[in-house]
Amino acid sequence: MGTKTIPIGRLLPGYRCVILDDFSQPVFIGQEGELFVGGVGVFAGYLGRNELTKKALVDIDGEHFYRTGDLVRFDSHGLLYYVGRKDHQVKLHGQRIELGEIERCLLQASSNVSRCVVVKYDDDHLVAYIQSNNINEKQLRQYCQSHLPSFMIPSMFIVLEQLPLNANGKLDRKRLPTPNFTALLSCSVSTNNQNHYIQPSNEIETSIHKLWCEIFQCKQISTTDSIFTIGGHSLILIQIYHRYKSIFKFHIHNLNIAQIFQYPTIQDHARFIEQSLDIEQWHEKSWLPLNISQGQVSFAQERIFLDEQIRFASNGNQMYNIPLVYRISSSGKSLSILRLQRALQAIVMKHSILRTALLLHTNGIVMQSVTEIDSLDINYQESFGFTILDTNDVESAIYETIRRSDLFDLTKGRVLHCYIIRDCSSSLENEDLLMKNDIILFNIHHSAFDGASTSIFLRDLSLAYNLDAQLPFDINMLQYIDYSVHERQLDMMKSRDFWNAQLDGYDMESRLLLPVDRHRLSNNQRSGRASVAEISFDQHLSHSFLTYASSHNVTPFQLGLAVFYTFLFKVSNGQQDLCIAGVNANRYRIELQDMIGMFVATLPYRIQLDPTSSFEKLVEQVRDLCLSILDHSHYPLQQIIGSHHSPAFLETMFDFITIDSDIEHVELDGAMLEPVSLEKGDFVAKFDLMLMFVHKLSGGITFSLTCSQDLFDETTVQLLAERFSYLLDQLFEPNQTLAKQPSLHQLSIILPQEHALIHTLKTNDINRSSAIFNTVPQSFSQVAFSHLQKVSVELDEQALTYGELLFYVQQFALLLINVHGVKEGDVVCQCVERSLSMVIGIMSIQMAGASYCPLSPRDPLQRLYSLIEETHSHIILVHQLTQNKFQFNIPMIDIDTAINTEKMLNDIDLSRLTNVAMDRDSIAYVLFTSGSTGTPKAAQIRHQNFIEAIRSISEVGILSEEDTVVQMTPCSFDGHLEDIVGTLIVGGTLVMLCPHGHMDFEYLSNVLMVHHITYMDSVPTLLAAFFSYVKGNSNIDLLRTLQTVCSGGRFFDIP
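Quick note: the sequence shown uses my numbering, first residue 49, plus one each step.
Be a bit skeptical, because a hint or two may be false.
With beta-carbon atoms standing in for the labels, derived distance ranges [unchecked claim]:
1. Arg451 <-> Lys267: 45 to 53 Å
2. Glu1010 <-> Ile1084: 16 to 24 Å
3. Asn948 <-> Ser914: 52 to 60 Å
4. Arg566 <-> Asp969: 31 to 39 Å
5. Ile436 <-> Phe296: 51 to 59 Å
6. Met940 <-> Arg566: 56 to 64 Å
7. Lys297 <-> Gly622: 42 to 50 Å
8. Gln1091 <-> Glu762: 37 to 45 Å
9. Gln1091 <-> Met1047: 19 to 27 Å
As a list, the in silico DMTMM-like pairs of lysine to aspartate or glutamate whose alpha-carbon atoms are at most 25 Å apart [as the list claims (entries may be wrong)]:
10. Lys838 <-> Asp1011
11. Lys381 <-> Asp508
12. Lys985 <-> Glu918
13. Lys218 <-> Asp907
14. Lys168 <-> Glu209
15. Lys258 <-> Asp672
16. Lys381 <-> Asp480
17. Lys460 <-> Glu356
18. Lys985 <-> Asp907
19. Lys222 <-> Glu185
20. Lys838 <-> Glu1010
21. Lys267 <-> Glu253
22. Lys933 <-> Glu881
23. Lys134 <-> Glu557
24. Lys293 <-> Asp679
25. Lys744 <-> Asp758
26. Lys665 <-> Asp679
27. Lys103 <-> Glu917
28. Lys665 <-> Asp777
29. Lys460 <-> Asp508
30. Lys103 <-> Glu82
31. Lys134 <-> Glu99
32. Lys542 <-> Asp552
33. Lys134 <-> Asp107
34. Lys871 <-> Asp1011
35. Lys838 <-> Glu852
Since the hints were made in silico from the structure, they are not lab data. By construction, the Cβ of each residue, glycine as well, lies at the ideal position given by its N, Cα and C atoms.
Produce the entire structure from the sequences given, and follow the hints as far as they go.
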């Protein structure tokens, strides 16, 4: 999905398919799964390999389906899309990667790349082998960085003139050169190759060096290298700073982060740490008001501030704006703008966080600075914004205001901005008074405000407006800045141990396999654009959901989280170790309950799900998890993630919000305000995917999926929401009983309207008349009698009509039966070059009731001997060019000599052929393939398989009696039988090439022109090279009769 994808088409007539996940459950539209093919083309099994046959042929609803090992997905039109091989999917650092997707990207990077393969090396690296004579490795890497996520970019690119191939013409992975990581591992991310390596000189430098190598995943880094030259950035430096504190036990008063930023080498850091350890440690203080106006920000403020500066640096909007929008709903009591201004001033004076500036201090630490009350008395509007806007389009004005980039100025402490939006069409008797339907919009920055702050803010707003005076408060009350200091002095050892145990064995870089439409680019920045789908529970579902929570002693949050885990398990192709981000109010002390500020902790919620367990068991597991987290929710996220650059769990978020009537309805001295819901188009995406439940105590429950447009199309988001809703219906259906509860893996998110399409793929019911002829010889004989004078096969100056070919085939078949004892069920091997004799041999073997097995003249003798031995073939068909190839004692028949002997010409007893016992289930041919294992295995193809396969492609117009087919495919591939036998049983004309003729492009061009070729089939590399030759010689006219080109495996251009 990150690279160009084209469909591989629809099912041919008579074929069926199902696409299943790892738990043998059908996948939904767009989801990746393994392809199983059924119908007329399913083969009989592997010769003498019963266990392998059992693995390959799977019973599905009483019918055999072939397990292809191919990963595919299908769209709403029933088109199949190839994703890659299941055995080529690897797991690297906990992330499942489809190597085929990387290979497709590399092939598109440059026209100079003719072939490529990507392999996993040593469980740590991806290595790309590129076949090219002229390629820029830097260009390849840059292309990958702009088209693939960072975890899919190969560590090394090895360019070869030719990739090694085995005897079957397939890639020989064992002969790929071993990558040399010596230079890479000196520091895989280093861009400064000129620096001389300086090793650690003392114990502290050694510890720091070990930490840096762990973070950057390399073996050595010079102690004089700047962290910024080896891929470091400010977030990593903050993480390193916290790791230093954990390792060396110094206090922030003794070593501040500014020094770490300003002097970013191992030697510098070691020197500062050594100095800090000699300073007497500062003693922690109790939780009391500190009466300070400056201090370090809280962990939550630091997270918000840096996230906005780094992840959303390129975004022009306010990503962390919390808008509270209210409409005046009563027409009786008016509302004064001036009183509202004074009320806001009173709130700002009481809660110092609303007049607190955030800035990166000169010492490098993110600091907060409170504007004193005295200065507020002089000019309170410096601390918050207040704007009156008259407009003809109130709704648009609301959305435009929320999107403004100048709402806040954190450096000046302006974190609150109130907009009064009035309709110009309203008559104004008094400029100070607001009318019914006028809008009050509060915008508050998330660094100073969280969800729990809303009710406090509205309560104080109502009180201050009603009193029209300053709010009563103790000037020495505990303020947010005091909390920020006390928080950093907590003993967090037990919490640290808890989180270490909670995440033990979990790979922080492991991403959920969400059904995205495209990958995020490796720069990891977010646009913030969101697509949102919102669905409301009906009354019965809301009641069932809440009743379930109550009866199982869980909170709605815990129950919603359990549903979300189930959903993620289903959409992620069965991932079981799930870790997502959840929020916790984190107001864990009584002093914090009445304080406005940003307290919310973002925490990893990890569950190891058992697919065979019930949903009820999962709910219990989630409840225990949530309860265990409560005592440790104050532990800062920065320390939980440690050295990880971009922990993947932060990309998926869950929250459950309960809204009480105090927030829904606000009264200001008799004037009633009602909340205004924002349209989904005005949401921002801070995460890749966020699920939020909203439970209004005065109403029902809704849920919304907010997804990043960087990854998801709007239609995909809507489909995901519908699937989630369908899952809820299954879990909380009123008639659901414990006895009826399915296992988690049996739950379905396939929508009802999709079942019809899946059924069509599985059944593919097409009205097809029964075949009159069930075997290849029967079909060929019938066609031959109907086209006796038509040319059946040509080779240079030689040609045979259908009548002549039938004559030779019948006579040679009789020779095999009468003289050499060939009988039904035998396997007869043939080793000949491309020739008329090849065609006669193939057809004669099958007419004699035996099974044809091709031997490639290009294979080494030892391989040929092993294939003959496995098939128990007691004779080999050869001709003049191959008769000297075999040295062992096995009878050989020279086809050229045999068909011209007087004995054969005189020994005509066609009645013998009519007695050959052969039916549609008889084996037509045996073909050896190495597959993905490298070990040859013989696939047995029935006559009915082959006949129906050719019939299917004939019915859709791919091959017909009007075609002239050039035979290019080597006999080691099954394509040569489709060319030869397929052409002959539909009545077309077959044109054979001389040995090696497919490699002689001048000769091949002449064949296409002289014989008016309409159909050709070969491997993409050969076809691409040939068409390039034709184009380069300006001889495109010779392709004018060509109607069908068959190939597969990679893209190429046809002129």
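Hint check against the structure, violated hint numbers in rising order | 3, 4, 15, 25, 34
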